[in-house]
Amino acid sequence: MLQSKNDRLFNATNLFFLIVIGLVTLFPLYYVLVVSFSDPAEFIRNKATLFPKKWSLDSYRYLLSTDSFMRAMGNSAFLATVGTVLSLFVTSCLSYALSRRRLQGRRVMMLLILLTTLFNPGIIPPYLLIRDLNLINSIWSLILPALTSGWYVLLMKGFFDSIPTSLEEAARIDGCNDIGVWWRIILPLSLPSLAAFGLFYAVAYWNTFFTALLYINDFNKQPLQVLLQNMLIDSSTASGGTAAVEMTAEQQIPSETLKMAAVVIATVPILMVYPFLQKHFAKGAMVGSVKE
Amino acid sequence: MDSQMDTAGKTKIESAYKKSLATERRRSIWNGVKRDRFLYLLALPGIVFFILFKYVPMWGIVISFQDYSPYQGMWASPWVGFEHYIRFFSNPDFLILFRNTMAINLLSLVFFFPLPILLSVMMNELRGNKFRKTIQSIVYLPHFLSWVIIVGITFLLLSTGEGIINQLLVAAGLNKIDFLTNSNYFWGLLTVQSIWKDAGWGTVLFLAAMAGIDPQLNEAAKIDGAGRFRQIWHITLPGIRSVVIILLILRIGHIMDVGFEQVFLMTNGAVSEVADVFDTYVYRLGIKQGQLSFSTAVGVFKSLVGLILVVGANKLAKKFGEDGVY
Numbered sequence: 001m002l003q004s005k006n007d008r009l010f011n012a013t014n015l016f017f018l019i020v021i022g023l024v025t026l027f028p029l030y031y032v033l034v035v036s037f038s039d040p041a042e043f044i045r046n047k048a049t050l051f052p053k054k055w056s057l058d059s060y061r062y063l064l065s066t067d068s069f070m071r072a073m074g075n076s077a078f079l080a081t082v083g084t085v086l087s088l089f090v091t092s093c094l095s096y097a098l099s100r101r102r103l104q105g106r107r108v109m110m111l112l113i114l115l116t117t118l119f120n121p122g123i124i125p126p127y128l129l130i131r132d133l134n135l136i137n138s139i140w141s142l143i144l145p146a147l148t149s150g151w152y153v154l155l156m157k158g159f160f161d162s163i164p165t166s167l168e169e170a171a172r173i174d175g176c177n178d179i180g181v182w183w184r185i186i187l188p189l190s191l192p193s194l195a196a197f198g199l200f201y202a203v204a205y206w207n208t209f210f211t212a213l214l215y216i217n218d219f220n221k222q223p224l225q226v227l228l229q230n231m232l233i234d235s236s237t238a239s240g241g242t243a244a245v246e247m248t249a250e251q252q253i254p255s256e257t258l259k260m261a262a263v264v265i266a267t268v269p270i271l272m273v274y275p276f277l278q279k280h281f282a283k284g285a286m287v288g289s290v291k292e
Numbered sequence: 001m002d003s004q005m006d007t008a009g010k011t012k013i014e015s016a017y018k019k020s021l022a023t024e025r026r027r028s029i030w031n032g033v034k035r036d037r038f039l040y041l042l043a044l045p046g047i048v049f050f051i052l053f054k055y056v057p058m059w060g061i062v063i064s065f066q067d068y069s070p071y072q073g074m075w076a077s078p079w080v081g082f083e084h085y086i087r088f089f090s091n092p093d094f095l096i097l098f099r100n101t102m103a104i105n106l107l108s109l110v111f112f113f114p115l116p117i118l119l120s121v122m123m124n125e126l127r128g129n130k131f132r133k134t135i136q137s138i139v140y141l142p143h144f145l146s147w148v149i150i151v152g153i154t155f156l157l158l159s160t161g162e163g164i165i166n167q168l169l170v171a172a173g174l175n176k177i178d179f180l181t182n183s184n185y186f187w188g189l190l191t192v193q194s195i196w197k198d199a200g201w202g203t204v205l206f207l208a209a210m211a212g213i214d215p216q217l218n219e220a221a222k223i224d225g226a227g228r229f230r231q232i233w234h235i236t237l238p239g240i241r242s243v244v245i246i247l248l249i250l251r252i253g254h255i256m257d258v259g260f261e262q263v264f265l266m267t268n269g270a271v272s273e274v275a276d277v278f279d280t281y282v283y284r285l286g287i288k289q290g291q292l293s294f295s296t297a298v299g300v301f302k303s304l305v306g307l308i309l310v311v312g313a314n315k316l317a318k319k320f321g322e323d324g325v326y
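So the sequence lines, in the order shown, correspond to chains A and B. 109 is the number that our numbering gives to position 109 of the first sequence; each next residue is one higher, with no gaps. 178 is the number that our numbering gives to position 178 of the second sequence; each next residue is one higher, with no gaps.
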């Protein structure tokens, strides 16, 4: 069937607006890249340019040779890898157990989990708990309270519900117990779902800021986002004090290019996993959207 | 006599029967637990997590009814009843916090909420277009950036010193605008940031729902002479109706929540009057100034209102024949 004139007009207008939206979304990121690769002195002189007149890797070279920055990267990398693995483990174990209809007490457990999604006690009681557990200034204070959430458990349980029970029965006949079924049958079948959940966990851990603000005072144990806050946002105020001051005092690199190089480096890990996982987003999207 | 014996015997038999039923039941529960011991073992880490990190803090709410002192602890601190709550409601801060929270959330409800729907309709109309994947990758991306980074980028673009927007304004012969330190712009700025970060991501669910709409409906409508706009209005939008309603419920339930990180990072002395929300207030008074009991009371108030709103909105949705969230 031939496209009518109206249809073609509609498509063209639609495409045009979507391209504009895409460009508006990309522009800030593009500009961050440009600034980060600009020659520091040149950037001071010309300030805003849409294309660097003089390319330079100085800011990157400098950041990657700074102890505090690399240490914060290391802390965040640990947080993201260990945290994600543990979170997937705890979430999938519990979700799988709850997806088995014969499990006694299942309804009560699910109700109690649902309640935690409806009511949260705020900031102070968890803070007191972490303090009483002696986890202040420990990286575990950023992992343990974030291991799973009611939403994730209920959503993953929904996913496990959809796996046919005949597979479980077959594995049982072959001599698997419940743990074997979970590990050898269920998990391999749910890899796409695990990938989506894994990405969300990893991004959440990588972006951990608020709990680190609450629980980590030791400069050496700070994750990347807290260091970035010191560099990007707090650097002008007296309270910032730590990383940014230490950095600019050590060497005369103008802060703007350095800041944006830090932004780029902090974003690269996310961009690296992103293309591989994009096709699983829809599956995990239920989680992302309802968690907001 | 006989009949008396009869009834006595009957009740005896009955009670014995009941007892054996009860033991039977207990035994079958126990058998079930034994049979599923590996399942319980799998569930154990998660159950411990929920008890320790979700239910123990709920118990911590009691300090909002005490004059909690860290040295005396939760068990020995003196009880003061609703004193902290009353103090909070009679405090002028309360109205400011409430106003700011509502303003930020209502702006988001009016300007942010419809955008993902519009955007996903537009993207859905790119059926079979290779360009669609690219545009999806682009608009999803900012969702994965942290608020620290997004606020940092905002400063890069909008600061009155090096900010490119202000330099463009100057180049065009206009005056600089102090976006970051003028309280008139603060709420709008938060809304624009949220749109840039999450409007694209918000399309994922709608697109998934649209993919489930039977294409035959569109074919039939086309044969009946419906143009693209009529197809969108009568087929696409009704197809995502329930998803929209569910998300709206969740949104309303969170009307007392303003993203702490975003507001906290964007705040500066010049805008504090319009920037203070419940969470930043709790953080400042509780963590920074150590008024633990008072700020816990503020947090509990906020959560309670949120709970009532979610449950209420959900009930309302069910009344309109939708599934609701629970």
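Think of the hints as simulated: they come from the structure by calculation, not from any bench. Among the clues, some could well be false.
[Stated by the list, open to error] Straight-line alpha carbon distances no greater than 20 Å define the calculated DMTMM-like cross-link-like pairs of lysine to aspartate or glutamate that follow:
no., chain 1, residue 1, chain 2, residue 2
1, B, Lys222, A, Asp132
2, B, Lys288, A, Asp39
3, B, Lys288, B, Asp276
4, A, Lys54, A, Asp67
5, B, Lys34, B, Glu24
6, B, Lys288, A, Asp132
Quick rundown of the hints versus the structure:
1. Lys222/B x Asp132/A: violated, 66 Å
2. Lys288/B x Asp39/A: With Cα atoms ~40 Å apart, Lys288/B and Asp39/A exceed 20 Å; violated.
3. Lys288/B x Asp276/B: holds, 15 Å
4. Lys54/A x Asp67/A: violated, 27 Å
5. Lys34/B x Glu24/B: Status holds; Cα separation ~15 Å.
6. Lys288/B x Asp132/A: This hinted pair holds, its Cα atoms lying about 18 Å apart.
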